[in-house]
Amino acid sequence: MLYPQVLRRRAVLALAAFAMQLVAAPSQAQLRLDITQGVRDAVPIAVVPFGGQAEGAPTEVASVVANDLRMSGRFAPLERRDIVARPTSGEEIRFEDWRLLRADFIVVGRVETDASGLAVSFELHNVRTGAPLLSERLPTTERGLRSTSHRVADLVFEKLTGLPGAFSTRIAYVAVDGRPPAQRYRLIVADADGYNPRTVADSTEPLMSPAWSPDGRSLAYVSFEGKASAIYVQRLSTGERVRVSARAGINGAPAWSPDGGRLALTLSREGNLDIYTLDLASQALTRVTTDEAIDTEPEWARDGESLYFTSDRAGSAQIYRVALDGARRAERVTFTNSYNARPRLSPDGKELAMVTLDRGGYRIAVMELASRNLRVLTTSAQDDSPSFAPNGAMLIYASRERGRGALAAVSADGAFHQRLSSDQGDVRDPAWSPIPPRG
Amino acid sequence: MPDFFREHLRPLAGSAGLHLLLLAILAGAALRWTSSQPPVELAIEGYVVDSAPPQRPATKSQRVEPLPKPQSDSPPPPEPAAEPAAMRREEDASVAERAAREQLETEQRAERAAAERQRAAEAAEAKRRAAEAETRRKVADDEAKRQAAEREAKRKAEAEDARRKSEAAAQAERDARQSAEREAALRRRLAAEEEAGAAVSAGVMDEYRRMLAQTIERSWIRPPSARAGLQCTLLVTQAPGGTVMDVTLGACNGDAAVRESITNAVYRASPLPAPRDPRAFERRLEIVFKPTE
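Chains U and F, in that order, give the protein sequences.
Following the numbering used here, the numbering of the first sequence begins with 34 at its first residue and continues without gaps.
Following the numbering used here, the numbering of the second sequence begins with 121 at its first residue and continues without gaps.
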């Protein structure tokens, strides 16, 4: 009785083993596995001091590049004291040294002087594989060394993140000095890292809401310089400016259409605040909203065919969207919190940054439009005026620090925060420029 | 797994029964072993204890038996010094008297000689008896010794026999256990061999795959350009210690940032974790990066 049983069992097992071998045969050669997630760490990178420059030179290329990369929150440049070898070209790199320092990538380069002026040559290598990833030579001048350094950081950033670098961009903001009634308002444009602040408008009356033209050459802003509000468009290269709207009541919150041909703005000419569009060439004004509630802070959709805006038509501030053709019926976009305002669209048009009332504080949040998932990025109580970097990787916003306005930045995923120090007193209303055209 | 048990229930039960039986034998042998052991120990002691008793009765009999005392019971001395003086006085008496005295003396002499002879005979007899007793004692002693030796030999033989028997039983038990173990091991090996493919590719393989994936995921600094829809394959060669030897990019729809990041993820994860079962180790890995969001 036992014997046939055993035989049968053996046979079954042998069959099963045979079947297993058949199935397992392909994976014998190699093991296959899937990776579905990663981490949000800063990439360790060595930025070696560039050759042809004395240490402590006014504009040290490597310092500017390392600082840019660090400020992006996506890179962790090696500390200068850890950088002992000083290769200035690819052949001089001993990769094993840098592997010991746990760098993943390395930037080396030098500033060359020739008859025609200066040039910055640099190379980017993968330390782990030794593979060369970038090798460029950028002509520059003594004065242009800083912006060339930002350009180097841009190229490295783009190669390693897949996003265009935004280090060569600028930020506009308003600084307020003094106390009422002797206050002074300045509209300032600075490099994205805060260097080279330059006053482009100056007034004893409030200046507000700077907005970059899509080509990055002009700013629209609100000025109360005639004791009443008016919207100006100013060309940065010449300082030439045009008053585009000075209608009775409030003229506020200008926003450029994607093609740069129109401005969306808020006017109170009919008694309460409504959204209008203004054709800059023809000065034709078109009313977009007619609701009796306050409608303000317009933001263009990427296709230029609809506007996002803030309205309190439902009792408290929420964000709505209205198409510019047809019935112009506004649809509500935000539902999560009791207060959502100041919509700003991400460069890819898929996300909306806003100020939200989150657990008792006005904070910066980003909502994914498709899913309506809202992620709150900041933790302070009075954050305002979010503005996406043109690569969408970060947002700059206004915050309060020791009772004064201050600027801060946060990565779009909320992982990296930084305060932008300012010696310009009370600062507010930041706006990040588009990526300037190159050529 | 339940299938495995069901299928193996009968042999498993058989094996369990066999083990129980062997356990019982072992227990019995152990009991016998413990009861037969003290005598063996005593027997060893007995070499000392048993050699004394045969000697003890012998010394006792030596003491009890009347020792021949010929030396101490020697006949009274003949006093030859007094005799001549008496004879001189008697010379003065009659010849008859003298003759009678002489006769008496002769008789007395004969008597004395007879007594002497008697005594000598008695002494000889005593000597003989003593010798006889000695012989008997010796014989008895020898007999006692012989008997003791015999008893000892018998005891030793019995102890030896018991020991041999219990040893044989233990050996038999050991043999039985060993053969049972061998059979069980053989059965296990057979089962393991039959199962080998399944075990490594299912349980252990899954775990190994998971460990590798987790290690690499922790090392992958995912660039912003790595979005859902990305799919990139790396062919990785690792040394037996897990050190990454080579990373080759296969099909990949990602940009340079993705390619560099995934390659470095594998290098950063080196040395890769080892599987629980070394047989699951695989030199060549095919790693597919496909983020879900």
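The set of hints was computed from the structure by calculation and includes no laboratory data.
Hints are supplied without guarantee of correctness; some may be wrong.
Quick list of in silico lysine to aspartate or glutamate cross-link-like pairs, DMTMM-like style, CA-CA up to 25 angstroms [to be verified]:
id : chain 1 : residue 1 : chain 2 : residue 2
1  : U       : Lys260    : U       : Asp336
2  : F       : Lys285    : F       : Asp262
3  : F       : Lys247    : F       : Glu225
4  : U       : Lys383    : F       : Asp375
5  : U       : Lys383    : F       : Glu413
6  : F       : Lys247    : F       : Glu270
7  : U       : Lys192    : U       : Asp226
8  : U       : Lys260    : U       : Glu191
9  : F       : Lys410    : U       : Asp67
10 : U       : Lys383    : U       : Asp456
11 : F       : Lys258    : F       : Glu242
12 : F       : Lys410    : U       : Glu384
13 : F       : Lys274    : F       : Asp261
14 : U       : Lys260    : U       : Asp226
15 : U       : Lys192    : F       : Glu337
16 : F       : Lys247    : F       : Glu301
17 : U       : Lys383    : U       : Asp358
18 : F       : Lys410    : F       : Asp295
19 : U       : Lys192    : F       : Glu301
20 : U       : Lys192    : U       : Glu112
21 : U       : Lys192    : U       : Asp235
22 : F       : Lys247    : F       : Glu236
23 : F       : Lys410    : U       : Glu401
24 : U       : Lys192    : U       : Glu384
25 : F       : Lys410    : U       : Glu145
26 : F       : Lys410    : U       : Asp446
27 : F       : Lys285    : F       : Asp295
28 : U       : Lys192    : F       : Glu413
29 : F       : Lys276    : F       : Asp262
30 : U       : Lys192    : U       : Asp358
31 : F       : Lys410    : U       : Asp74
32 : F       : Lys410    : U       : Glu112
33 : U       : Lys383    : U       : Asp235
34 : F       : Lys247    : F       : Asp261
35 : U       : Lys192    : F       : Asp375
Some but not every residue of chain F turned toward chain U, in silico, with C-beta under 8 angstroms [said to hold, decoys possible]:
id : residue
36 : Ala253
37 : Thr255
38 : Glu337
39 : Arg342
40 : Cys372
Cβ coordinates follow ideal geometry from the N, Cα and C atoms, glycine included.
A quick look at each hint next to the structure:
1. Between the alpha carbons of U/Lys260 and U/Asp336 the distance comes to roughly 36 angstroms, so the proposed pair goes past 25 angstroms and is violated.
2. For the hint pairing F/Lys285 with F/Asp262, the CA-to-CA distance comes to about 33 angstroms; that exceeds 25 angstroms, so the pair is violated.
3. Annotation: proposed proximity of F/Lys247 to F/Glu225 is violated, straight-line Cα distance about 31 angstroms (limit 25 angstroms).
4. Only pairs whose Cα atoms come within 25 angstroms are accepted, and U/Lys383 paired with F/Asp375 is accepted, the gap being roughly 21 angstroms.
5. Between U/Lys383 and F/Glu413 the alpha-carbon distance is near 14 angstroms, which keeps this suggested pair within the 25 angstroms criterion.
6. At roughly 33 angstroms between alpha-carbon atoms, F/Lys247 and F/Glu270 are farther apart than 25 angstroms, so this suggested pair is violated.
7. Proposed proximity of U/Lys192 and U/Asp226 is supported: the alpha carbons are some 20 angstroms apart, at most 25 angstroms.
8. Restraint check: the Cα-Cα separation between U/Lys260 and U/Glu191 comes to about 46 angstroms, which exceeds 25 angstroms; the hinted pair is violated.
9. Pair hint F/Lys410 plus U/Asp67 holds up; C-alpha atoms about 7 angstroms apart against a cutoff of 25 angstroms.
10. Between U/Lys383 and U/Asp456 the CA atoms are separated by roughly 35 angstroms; this puts the pair beyond 25 angstroms, and the hint is violated.
11. Distance check on the hinted pair: F/Lys258 and F/Glu242 sit about 23 angstroms apart at the alpha-carbon level, within 25 angstroms; holds.
12. Distance hint between F/Lys410 and U/Glu384 is fulfilled; the C-alpha atoms sit about 23 angstroms from each other, no more than 25 angstroms.
13. A C-alpha spacing of about 19 angstroms is found between F/Lys274 and F/Asp261, which places the hinted pair at or below 25 angstroms, so the restraint holds.
14. For the suggested pair U/Lys260 and U/Asp226, the alpha carbons sit about 34 angstroms apart, so the restraint of at most 25 angstroms is broken.
15. Only pairs whose Cα atoms come within 25 angstroms are accepted, and U/Lys192 paired with F/Glu337 is accepted, the gap being roughly 21 angstroms.
16. Note on F/Lys247 and F/Glu301: the hinted pairing is violated, with a Cα-Cα distance of about 77 angstroms set against a maximum of 25 angstroms.
17. Between the alpha carbons of U/Lys383 and U/Asp358 the distance comes to roughly 21 angstroms, so the proposed pair stays at or under 25 angstroms and holds.
18. Between F/Lys410 and F/Asp295 the alpha-carbon distance is near 59 angstroms, which puts this suggested pair outside the 25 angstroms criterion.
19. Restraint check: the Cα-Cα separation between U/Lys192 and F/Glu301 comes to about 65 angstroms, which exceeds 25 angstroms; the hinted pair is violated.
20. For the hint linking U/Lys192 to U/Glu112, the alpha-carbon distance of about 22 angstroms falls within 25 angstroms, and the restraint holds.
21. Distance restraint check for U/Lys192 and U/Asp235: the Cα-Cα separation of roughly 40 angstroms exceeds the 25 angstroms cut-off, and the hinted pair is therefore not satisfied.
22. A distance of roughly 16 angstroms separates the Cα atoms of F/Lys247 and F/Glu236; the hinted pair therefore holds under the 25 angstroms criterion.
23. For the suggested pair F/Lys410 and U/Glu401, the alpha carbons sit about 21 angstroms apart, so the restraint of at most 25 angstroms is met.
24. Of the pairs offered as hints, the one joining U/Lys192 and U/Glu384 holds, with about 24 angstroms between alpha carbons and a cut-off of 25 angstroms not exceeded.
25. Taking the CA atoms of F/Lys410 and U/Glu145, the gap is about 43 angstroms. The hint is violated against a cut of 25 angstroms.
26. In summary, the hint linking F/Lys410 to U/Asp446 is supported, as the alpha carbons are separated by about 20 angstroms, within the 25 angstroms threshold.
27. A hinted pair counts as satisfied when its Cα atoms are at most 25 angstroms apart, and F/Lys285 with F/Asp295 qualifies at roughly 15 angstroms.
28. For the suggested pair U/Lys192 and F/Glu413, the alpha carbons sit about 21 angstroms apart, so the restraint of at most 25 angstroms is met.
29. For the given pair, F/Lys276 sits about 20 angstroms from F/Asp262 by alpha-carbon distance, which is consistent with the 25 angstroms threshold.
30. Taken as a hint, the U/Lys192 and U/Asp358 pair is broken in the structure, with Cα atoms around 41 angstroms apart against an allowance of 25 angstroms.
31. The suggested pairing of F/Lys410 with U/Asp74 holds, with an alpha-carbon distance near 19 angstroms, which does not exceed 25 angstroms.
32. At roughly 34 angstroms between alpha-carbon atoms, F/Lys410 and U/Glu112 are farther apart than 25 angstroms, so this suggested pair is violated.
33. Distance check on the hinted pair: U/Lys383 and U/Asp235 sit about 36 angstroms apart at the alpha-carbon level, beyond 25 angstroms; violated.
34. Between F/Lys247 and F/Asp261 the CA atoms are separated by roughly 20 angstroms; this keeps the pair inside 25 angstroms, and the hint holds.
35. As the CA atoms of U/Lys192 and F/Asp375 are separated by approximately 9 angstroms, the hinted pair is consistent with the 25 angstroms bound.
36. Taking 8 angstroms as the C-beta cut-off, the interface hint given for F/Ala253 is violated, the closest approach to chain U being about 79 angstroms.
37. The beta carbon of F/Thr255 comes no nearer than 76 angstroms to any beta carbon in chain U, farther than 8 angstroms, and the hint placing it at the interface is violated.
38. Against a cut-off of 8 angstroms between C-beta atoms, the interface hint on F/Glu337 holds, since the closest Cβ of chain U lies about 5 angstroms away.
39. The beta carbon of F/Arg342 comes within 3 angstroms of a beta carbon in chain U, closer than 8 angstroms, and the hint placing it at the interface holds.
40. Look at F/Cys372: its Cβ only gets to about 13 angstroms from chain U, farther than 8 angstroms, so that hint breaks.
Checked against the numbered hints above, the structure violates hints 1, 2, 3, 6, 8, 10, 14, 16, 18, 19, 21, 25, 30, 32, 33, 36, 37, 40; every other hint is satisfied.
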